[in-house]
Amino acid sequence: MSNEAHALPGQASDHPYLRSAILHCLLIAASFVMLYPILWMLAGSLRPAEDLFGGGASLIPSQVTIRAYTQGWFGVQMSFGRFFLNSLLIATLATLGNVFAASLAAYAFARLNFVGRKFWFALMLGTLMLPYHVTLIPQYVLFQNLGWVNTWLPLIVPKYFAVDAFFIFLMVQFFRGIPRELDEAAQMDGCSPWRIYYKVMLPLSLPVLATAAIFSFIWTWEDFFGPLIYVSDMNLYTVQLGLRSFIDSSGTSSWNELFAMSVLSLIPIFLIFLFFQRLLIEGIATTGMKR
Amino acid sequence: MSVSERSPAAAGNGESNALARSYREAFRRNAPGYLFLAPWLIGFFCLTLGPALGSLYLSLTDFDLLQTPNFVGLQNYVRMATADPKFVSAMRVTFLYVVLSMPLKLGFALAVAMMLNRGLKGLPIYRAVFYLPSLLGASVAIAVLWRQLFAADGMVNSMLAIIGIEGPSWISNPRYSLYTLVVLSVWQFGSPMIIFLAGLRQIPTDMYEAASLDGASASRQFWKITLPLLSPVIFFNFVIQTIEAFKAFTPAFIVSGGTGGPINSTLFYTLYLYQEAFGNFRMGYASALAWVLVIIIAIFTAFSFLSTRYWVHYDE
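Chains as they are written, first to last, in UniProt numbering: chain A, 1 to 291; chain B, 1 to 316.
Hints listed in this document are in silico derivations from the structure and should not be mistaken for laboratory results.
Treat the hints loosely; a few may be bogus.
Stated by the list, open to error - Distance windows between CB atoms, simulated:
| # | chain 1 | residue 1 | chain 2 | residue 2 | range |
| --- | --- | --- | --- | --- | --- |
| 1 | B | 27 | A | 79 | 53 to 59 angstroms |
| 2 | A | 58 | B | 122 | 50 to 56 angstroms |
| 3 | B | 38 | A | 235 | 45 to 51 angstroms |
| 4 | B | 70 | A | 191 | 53 to 59 angstroms |
| 5 | B | 279 | A | 115 | 45 to 51 angstroms |
| 6 | A | 189 | B | 119 | 46 to 52 angstroms |
| 7 | B | 223 | A | 18 | 42 to 48 angstroms |
What the hints assert, rightly or not - Here are a few chain A residues that sit away from chain B, every Cβ distance over 10 angstroms (derived from the structure):
| # | residue |
| --- | --- |
| 8 | 66 |
| 9 | 77 |
| 10 | 163 |
| 11 | 204 |
| 12 | 248 |
To be verified - What the simulated footprint calls covered on chain A by chain B, stretch by stretch (three residues with Cβ under 8 angstroms from a Cβ of chain B suffice, anywhere in the stretch; the number is not a length):
| # | region |
| --- | --- |
| 13 | 146 to 152 |
| 14 | 269 to 276 |
C-beta atoms are modelled at their ideal positions from N, C-alpha and C, and glycine is treated no differently.
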């Protein structure tokens with residue numbers, strides 16, 4: 001990690017320590033500015049309600065209390081526990097679908113020979129650019145006719161058909177890097193494509209499968225538009241919808257409770273980030289992802 | 001790929017026999033591929049291509065979700081172009097958002113990536129800190145936070161008060177509300193930054209060494225080495241981030257409470273589309289809006305690609 005120096009020789013040799021000290025100062029200041037809003041929200045969630053904006057821009061609460069958390073948890077008619085459980089279920093099922101369906105398609109594109117492969121691959125890449133709004137209304141009509149509106153099915157089932165081409169693209173890139181000799185050897189031994197897929201390719205692709213799973217989980221967890229359109233029964237609400245109805249029901253009067261629930265909604269993403277940062281960053285760097 | 005390469009071997013046998021064999025052969029070769037592709041193919045036809053064509057048709061109708069759609073020709077598009085002030089302001093807001101946030105976001109991303117690419121200690125920590133907002137930014141929680149940051153009695157005004165400035169209510173003032181969303185977008189410069197960092201590492205160090213031996217200044221090195229060699233990455237980030245910006249929805253929805261207000265100042269295109277489709281149930285009109293978005297993105301992408309010959313340098 002430390003050998004990527006592009007030190008510019010002419011200047012760096014003048015005052016190497018001063019230079020890097022200045023850079024560090026700048027970067028630390030920038031980091032602080034970047035994180036300040038999040039820390040401010042965290043501090044706000046720990047303030048007592050009477051302290052309404054009394055703390056101003058300060059990060060240190062006059063008095064620390066978790067009352068915002070215990071009250072915010074039941075801030076709308078339903079407990080946030082329900083919303084968290086719903087989000088967790090939806091995100092897990094969607095993630096499984098994405099990884100499963102995308103890896104099948106990616107294996108076909110990366111390794112199998114069939115007529116029309118290049119044609120389908122080009123179409124798949126084309127769908128990467130297509131804004132989802134263009135399929136939105138007919139999909140809604142379709143799901144309505146299937147009786148799926150106000151269920152989770154529209155949020156989950158499409159993932160089992162690899163609708164998000166990004167994950168296919170990500171996996172194709174990785175699969176192509178796996179030495180062909182390995183699956184050719186397996187083929188010599190009489191392995192079927194299916195066996196090669198799950199005995200050779202999948203075990204060798206754990207990093208990319210994990211990257212896809214992580215992004216899939218985070219995106220589904222953060223998704224607001226899908227649940228907004230399809231889910232109206234509060235029993236089925238996701239965390240994002242729960243937060244939204246919190247704003248609607250209480251306005252900004254119980255802002256510290258709203259902050260508390262917002263902080264909680266970010267914790268799963270933050271934990272994933274903490275543990276899988278390397279995979280996330282490599283995933284972005286190799287494919288150039290949107291977010 | 002090709003079926004014919006083995007058939008000469010079968011030429012000695014009877015004609016029909018050979019044909020049957022080559023069909024079997026073709027099936028044997030192609031079946032696994034299509035089997036593995038089956039879920040994607042079903043999804044492509046039933047959830048992407050079919051619905052896309054469906055919305056193209058619906059855009060020519062007065063569909064309202066309840067009654068059977070009546071064909072109205074190009075009426076929806078005509079209305080958009082001539083008789084819909086909200087469409088015009090949605091366009092204006094969205095373009096302003098893209099034009100303001102994109103240069104700032106990419107500028108910050110490149111500047112910070114270059115600072116991080118100097119072999120500093122603690123790179124992984126800085127990188128993580130700058131990337132975190134990109135990861136969290138799409139969630140409702142961050143939009144909620146933004147609403148409070150820029151509220152009349154929010155954090156930003158508390159800070160301004162320290163230096164004696166009385167700030168306006170940024171969110172509820174139509175003059176400033178869009179800028180708060182621009183700031184939110186720029187705050188999320190982390191993911192293009194990571195792509196820039198990966199691109200900067202591809203530039204051979206000896207080019208800089210040779211340039212500084214020749215006495216080239218840092219700014220000259222930036223314009224003559226860094227920028228040209230990084231131009232494919234800049235192009236990539238530019239296209240991807242701009243398309244994403246056109247599609248932005250959640251921040252505008254949460255910050256304005258779903259209205260796009262005050263006075264349509266945060267009425268993003270996608271928010272307007274949502275209001276028309278699921279607020280007013282003008283599904284036909286919303287479909288037309290969606291197709292106009294596709295056309296805008298297509299034209300933008302096409303022009304970007306055409307422009308590459310003037311400024312993007314690919315390896316010879």
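Hints, one by one, checked against the model:
Checked against the hint of 53 to 59 angstroms, the C-beta distance between residue 27 (chain B) and residue 79 (chain A) comes to roughly 56 angstroms, which is consistent with it. Roughly 27 angstroms separates the CB atoms of residue 58 (chain A) and residue 122 (chain B), a value that falls outside the hinted 50 to 56 angstroms. The hinted window of 45 to 51 angstroms between residue 38 (chain B) and residue 235 (chain A) is violated, with their beta carbons roughly 34 angstroms apart. Between residue 70 (chain B) and residue 191 (chain A) the Cβ separation comes to about 57 angstroms, which falls inside the hinted range of 53 to 59 angstroms.
Checking the proposed 45 to 51 angstroms range against residue 279 (chain B) and residue 115 (chain A) shows it holds: the Cβ atoms sit about 47 angstroms from each other. At about 47 angstroms, the beta-carbon gap between residue 189 (chain A) and residue 119 (chain B) stays in the expected band of 46 to 52 angstroms. Between residue 223 (chain B) and residue 18 (chain A), the C-beta spacing of about 25 angstroms breaks the proposed range 42 to 48 angstroms. At the 10 angstroms boundary, the C-beta of residue 66 (chain A) stays outside the reach of chain B, the nearest C-beta of that chain being 18 angstroms off.
Under the 10 angstroms C-beta cut-off, the non-interface status given to residue 77 (chain A) relative to chain B holds; the minimum distance is some 18 angstroms. A Cβ of chain B approaches the Cβ of residue 163 (chain A) within 10 angstroms, the least distance being about 5 angstroms, so the stated non-interface status is violated. The claim that residue 204 (chain A) lies off the interface holds: its Cβ sits roughly 17 angstroms from the closest Cβ of chain B, which is beyond the 10 angstroms cut-off. A beta-carbon of chain B comes within 10 angstroms of the beta-carbon of residue 248 (chain A); the shortest separation is about 8 angstroms.
With a threshold of 8 angstroms between beta carbons, the proposed coverage of the region 146 to 152 of chain A by chain B is violated, since 0 of its residues qualify and at least three are required. A count of 3 residues in the region 269 to 276 of chain A with a Cβ less than 8 angstroms from any Cβ of chain B is obtained; the coverage claim is therefore met, three being the minimum.
When the structure is compared with the earlier hints, violations turn up for hints 2, 3, 7, 10, 12, 13 and for no others.
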